[in-house]
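If you read the protein sequences in the order shown, they are chains A, B, C, D, E and F.
Each residue of the first sequence is one higher than the one before, counting from 1 in the UniProt record's numbering.
Each residue of the second sequence is one higher than the one before, counting from 1 in the UniProt record's numbering.
Each residue of the third sequence is one higher than the one before, counting from 1 in the UniProt record's numbering.
Each residue of the fourth sequence is one higher than the one before, counting from 1 in the UniProt record's numbering.
Each residue of the fifth sequence is one higher than the one before, counting from 1 in the UniProt record's numbering.
Each residue of the sixth sequence is one higher than the one before, counting from 1 in the UniProt record's numbering.
Heads up, some of the hints might be wrong.
Any copy will do: because identical chains look the same in the list, a pair fits if it lies in one copy or spans two.
[Said to hold, decoys possible] Lysine-lysine pairs mimicking DSS-like chemistry, simulated, CA-CA at most 27 Å apart:
id	residue 1	residue 2
1	Lys-8	Lys-189
2	Lys-8	Lys-269
3	Lys-269	Lys-189
4	Lys-8	Lys-213
Because the hints were derived from the structure by calculation, they are not lab data.
Protein chains: 6
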Amino acid sequence: MTETVVGKLIETLAGGAPVFSAWVGMNEPAVAEALAREAFDAVILDMQHGALDFAGACQSILAVALAGLPAIVRTPVGEFATASRLIDAGAAGVIAPMINSRADAEAFAAFAKFPPLGERSWGPRAALPLSGLDTQAYLAGANRLTQAIAMIETREALAALDDILAVDGVDGVFIGPADLSIALSDGAKWDPRGAAVIEAAGHVVARARAHGKYAGMFCYDGADAHAMAALGFRLCSIGSDGAMLRAAARGELAAARGTPAGGPAGGPKTY
Amino acid sequence: MTETVVGKLIETLAGGAPVFSAWVGMNEPAVAEALAREAFDAVILDMQHGALDFAGACQSILAVALAGLPAIVRTPVGEFATASRLIDAGAAGVIAPMINSRADAEAFAAFAKFPPLGERSWGPRAALPLSGLDTQAYLAGANRLTQAIAMIETREALAALDDILAVDGVDGVFIGPADLSIALSDGAKWDPRGAAVIEAAGHVVARARAHGKYAGMFCYDGADAHAMAALGFRLCSIGSDGAMLRAAARGELAAARGTPAGGPAGGPKTY
Amino acid sequence: MTETVVGKLIETLAGGAPVFSAWVGMNEPAVAEALAREAFDAVILDMQHGALDFAGACQSILAVALAGLPAIVRTPVGEFATASRLIDAGAAGVIAPMINSRADAEAFAAFAKFPPLGERSWGPRAALPLSGLDTQAYLAGANRLTQAIAMIETREALAALDDILAVDGVDGVFIGPADLSIALSDGAKWDPRGAAVIEAAGHVVARARAHGKYAGMFCYDGADAHAMAALGFRLCSIGSDGAMLRAAARGELAAARGTPAGGPAGGPKTY
Amino acid sequence: MTETVVGKLIETLAGGAPVFSAWVGMNEPAVAEALAREAFDAVILDMQHGALDFAGACQSILAVALAGLPAIVRTPVGEFATASRLIDAGAAGVIAPMINSRADAEAFAAFAKFPPLGERSWGPRAALPLSGLDTQAYLAGANRLTQAIAMIETREALAALDDILAVDGVDGVFIGPADLSIALSDGAKWDPRGAAVIEAAGHVVARARAHGKYAGMFCYDGADAHAMAALGFRLCSIGSDGAMLRAAARGELAAARGTPAGGPAGGPKTY
Amino acid sequence: MTETVVGKLIETLAGGAPVFSAWVGMNEPAVAEALAREAFDAVILDMQHGALDFAGACQSILAVALAGLPAIVRTPVGEFATASRLIDAGAAGVIAPMINSRADAEAFAAFAKFPPLGERSWGPRAALPLSGLDTQAYLAGANRLTQAIAMIETREALAALDDILAVDGVDGVFIGPADLSIALSDGAKWDPRGAAVIEAAGHVVARARAHGKYAGMFCYDGADAHAMAALGFRLCSIGSDGAMLRAAARGELAAARGTPAGGPAGGPKTY
Amino acid sequence: MTETVVGKLIETLAGGAPVFSAWVGMNEPAVAEALAREAFDAVILDMQHGALDFAGACQSILAVALAGLPAIVRTPVGEFATASRLIDAGAAGVIAPMINSRADAEAFAAFAKFPPLGERSWGPRAALPLSGLDTQAYLAGANRLTQAIAMIETREALAALDDILAVDGVDGVFIGPADLSIALSDGAKWDPRGAAVIEAAGHVVARARAHGKYAGMFCYDGADAHAMAALGFRLCSIGSDGAMLRAAARGELAAARGTPAGGPAGGPKTY
Ligand SMILES: [Mg+2]
Ligand SMILES: [Mg+2]
Ligand SMILES: [Mg+2]
Ligand SMILES: [Mg+2]
Ligand SMILES: [Mg+2]
Ligand SMILES: [Mg+2]
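Could you build the full structure based on these sequences and the hints that come with them?
Quick look at the structure:
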């Protein structure tokens, strides 16, 4: 039954095992659907650095639902009204980048949660049928059903981490390791798995746990996701559609030409 | 002549009779055009809780114009720059949700009106041909031609109602009854025609009239719109594309199967 | 489970009760999905006289699947390669207009059925996941799963009816009553429920039954579908998206203005 | 009133003055609308060599109607079912390329005209509102309202010219001068204004007139259209959207840089 | 320089090394572009069994050109007019499925080649800039530049192989192994690498070579393409976008969960 | 080589000659590509008053790159997150309208520049391949490669001009003459080449030069751009797609009808 895909995300999170999610940057529902037909727990659609626009994200949420999975959407920086619209469109969660302060976190939560927790406006256009709930039940349950996830990816965010985690309407945090590495090096280098990020990562996992919440991490491939889950991250994305497709192509081309395979690590680093 | 569709909205408002408007949430100009071919006074396109994106709203404005009607667009919360772009695209009015204070109202008006009333930027791309005016006449007339309508749907908004109505560039107010019922019940229930909303509605109509402005209301069907017009609302939307389509289908299916008809009230409440 | 929506059509047909189907002419998956959430047995997407193009039909098939229903697509006249592509896209059936001879019927069947029945080419892109079958099982079952339905809507077609019904790969026939009335009146009038059509209808039902196949009919509303089912038609479409939407709007507008309702019969006859 | 745009084409043709038409190859309604706001008599949308697809052509027909003009669509070679769909979509005429024989002409006419003249199927989705007629009046008038225009652009076509012109459902002919020059030179050169084409042109004009029909010509710019109208062509297209845009840009760039202007003739010859 | 991407295909073919091509079934230029940024020799866009429509194929050709590669498009069965339009759109080659006879091959060639070889109509909209040639040079060179490739995938096609290869305007042939296996087993099984197909493959390679032309083969992955190139196939596609993406995801998910990897062979067989 | 189109803008600026740019308001990559094939130095895509949406702007950036030119995008007022996304999409520059204060300028720069200059988030999706750089080189070079250009178009902006120019992450300023004329006349008139604007223009050029930065101007045609370049403006746009197309059409129509040409100045003033 696709009718309860919205609820699957909190179910999986409640189970305690890490949530492994696909990551989609292409503005095409067929890409999201193809990935959703594999054994991921969720699919993350990226409107910040990916090519998805609002209409494409809405269609992709439905394509992911058709395959039986919940979708999470990362919005552009500060576009909290878009977060509301995506929850209406059936997203089981939204990830807000660059949440650097309690004020940022509160503004985000205000758009993600109904009163009294926030100020989300009523209009669950596509979410209602995907939730399997009726009107009043959806109103009562939506604040729990749809996850609001704040990205931690600057010095300011690390400094305000407890403040951000203390905001009621924020359900979890998610590290943006590329930006964090750039921030921690004052713009000097892209180093998402350098010591500075890894040290911060441990801190974020610990503080999230202390607040009874979860931490997630952008991961570059399956092995990386395995390692990050071992560090305590409970929402781990795995690579991206474009990177996986190009890595797979490199491998097959090497086989076709009978040359040594260039590994998945060889492509451009657009995340 | 479609060339003056932009001006039809203020003409109808000036006439004093209630403006009955269709309400469109689907991102497809043919839906808007089909409704515009019936005897509505205007068509409202919903970008807040509907599926419309910017490109879809622009195309729908033209489809509505082709059928001879003015279009009004509801923008997402706080997206006032989008309001400007939609007026450029030929919208005869914009509805801004969640206007909760004089500051909100002023920010909205700044984007909806040219100097000296506001700070709207010049660029009436599609509006100019739909207005039937030349450059200087459009500059002189646009502030009156294109209506800026502020939604009243929280306790804060009710408290600031006179302040909001006092802002020069705000032409009317519009009640969001679902949100207002949720706000007035502190998140406890969706009850858009409960006593609390109806009491507030009377107050809003009275205050709008006192300011020489008009009040509008989201209405759930024709009978509801009739009742709300009787309360003094002058801009009454009627149902929504999706709700009407599904209600009609329910009725026809019942006739096909020879079973008792489930009425229009039976569907999901996504507004 | 949406995974078996392709199979639902033959299941319902096998049950013996009439299949009541929605009819969609708008090129927007949300329209198809909205109708699919009501209690229809199937949704017909019209590429002949509707606005759907190939991409829109593909998306609409998935939107209908999300709501749990099988989709049938009517193709443009003679575009049998498109029929193949739509079956690949997950259509549970295709309706081919203007099948006027055994040769027409065979050409259609060649594109709709795998060898040895026809010459359909392998590539069930979206159909495979929607069928719930694996590769060999789909190859073995597809000719039964996906229905090929020939339209009878000219004098030639009536004359060749037994020839058409005798073609193995044709599963059923479907009357186009507007065209049939025009043909039978030599272009003089649109009269889809006139005596000439009704007489032909009875003949088509009888001959289909004699061949162990079924007959369908385009119906103008629920009452009409009820009547046609009583005549023995087993696939009855009900109105169209645009006609239902406009009829509903007319009714609600009448209620809003307090005027007598114009019934559903009042709109333009584009079918 | 846009409601009668479909009828404007035959009105202008009846007036006797040459019909000067814009020519659009870009798949964007705003291009068609921009041209339709200038003083053309019609806008031709090119699906054969232009980028328009079916959905884009449908939207462009409406955009042209909004500006008050009739649209004509050139279909791909042999796609007569598409011609029918475009007439349903509101086209006032269709141009079929590569009509080389009476059989080609009859097949085209069969899809463009209702019985008894042809076999066009009923379903004037968007055409009905744009025609301003009701159901029976549209059925009675459509064969005259919507023009079927056959392209003459090969040796075979010239040889069969009287046969083609004799087909009842063919209203006019239209020369494709680039293809005709290639055909007449056996593939040796693109020479659309060479002596061979001009000689054939005179013949086509004369034969069309003898049959009481009209001849049209693809023209490369305004001066060319003026000259061709003087030869007796009554439907003259003028340049193309892309060529005009690039020529205008070349002129403005020359002015900006203070260099001598390269004239409109300098661009690539994609027609 | 992207301006000569059209010419790259014949250059690579002339070099004698096998042409390894990506295979794209998703209607999204970003997918084609991502693959084109890897070291393929060409990208094949599939309109027959893939989701691409005409507009998507046109955009994808340009996206592939941006990355510096030539694009080849497979059209739906019998849609030769579409082949012409895609060559106009910049395709360096077209693959026509189900060419079963000399008549099929001649009809295909007529649409792919200019006179005197065929009857392609002039209008190289996007092809002209991508070819780097001027008008007359393009007319003179296009028949060589743009490859027409006929699919051999039935018993009839095998029987007519020499006839098909003898058609001047056919440049190469391409085996559809899934369909061929179904045909050779009279519909009994999908077995694209079974003995019957492999035996036929050798014959096709030999006959193509005897005619001074080349043979291609749909290949399921890199190792398969390597093996087929060793058999003498000179145009080998490698997997498909969807299959590669899903296989890559399966591998990464296995790594993430620490489970044994399911290999690329595990997915659904939609080709 | 298209791979370095992003870098071309700063190269041309460094050369000292004025940058003449096309201006595109239509949401169609083919329009942008057509203009990019003429001898402009850049193409500006307008999301503020033009019809472009995010997806259209992304596609247009690639279409412009295919023709070898850098693209600059003007965003809607205050949508700085969109500016970031467009730089990720390959824009060589972004123009932010209505920058009226140092705070506005700093907020804009924060989204346009990586740390330590700003807070742009890592994710150069399409920009990386168009830049021709690898990961670390792009991080090091992007702040210089991608230009952030602030619009000066109000009294407030003129008053804060030195403050705005002093912001490190702002590379240049650009005058919006229509808005500036409206602002300077307190809403009384559209007069983009009136004395008040021209006087301010000289001041802006001088102050930009004093800060070692450049000034740009919206220009109405080539002659206007020539004149503005003579005043010291180094980034001059020329007309707009829509205005050039309509002016060209007017000219050709006049030639066709043999009437005196209405000049380019005759159209509607939507800029
Ligand atoms: Mg980040
Ligand atoms: Mg509300
Ligand atoms: Mg029919
Ligand atoms: Mg031609
Ligand atoms: Mg095949
Ligand atoms: Mg401005």
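Violated hints - listed by number, lowest first:
Checked against the structure, no hint fails, so every one of them is satisfied.
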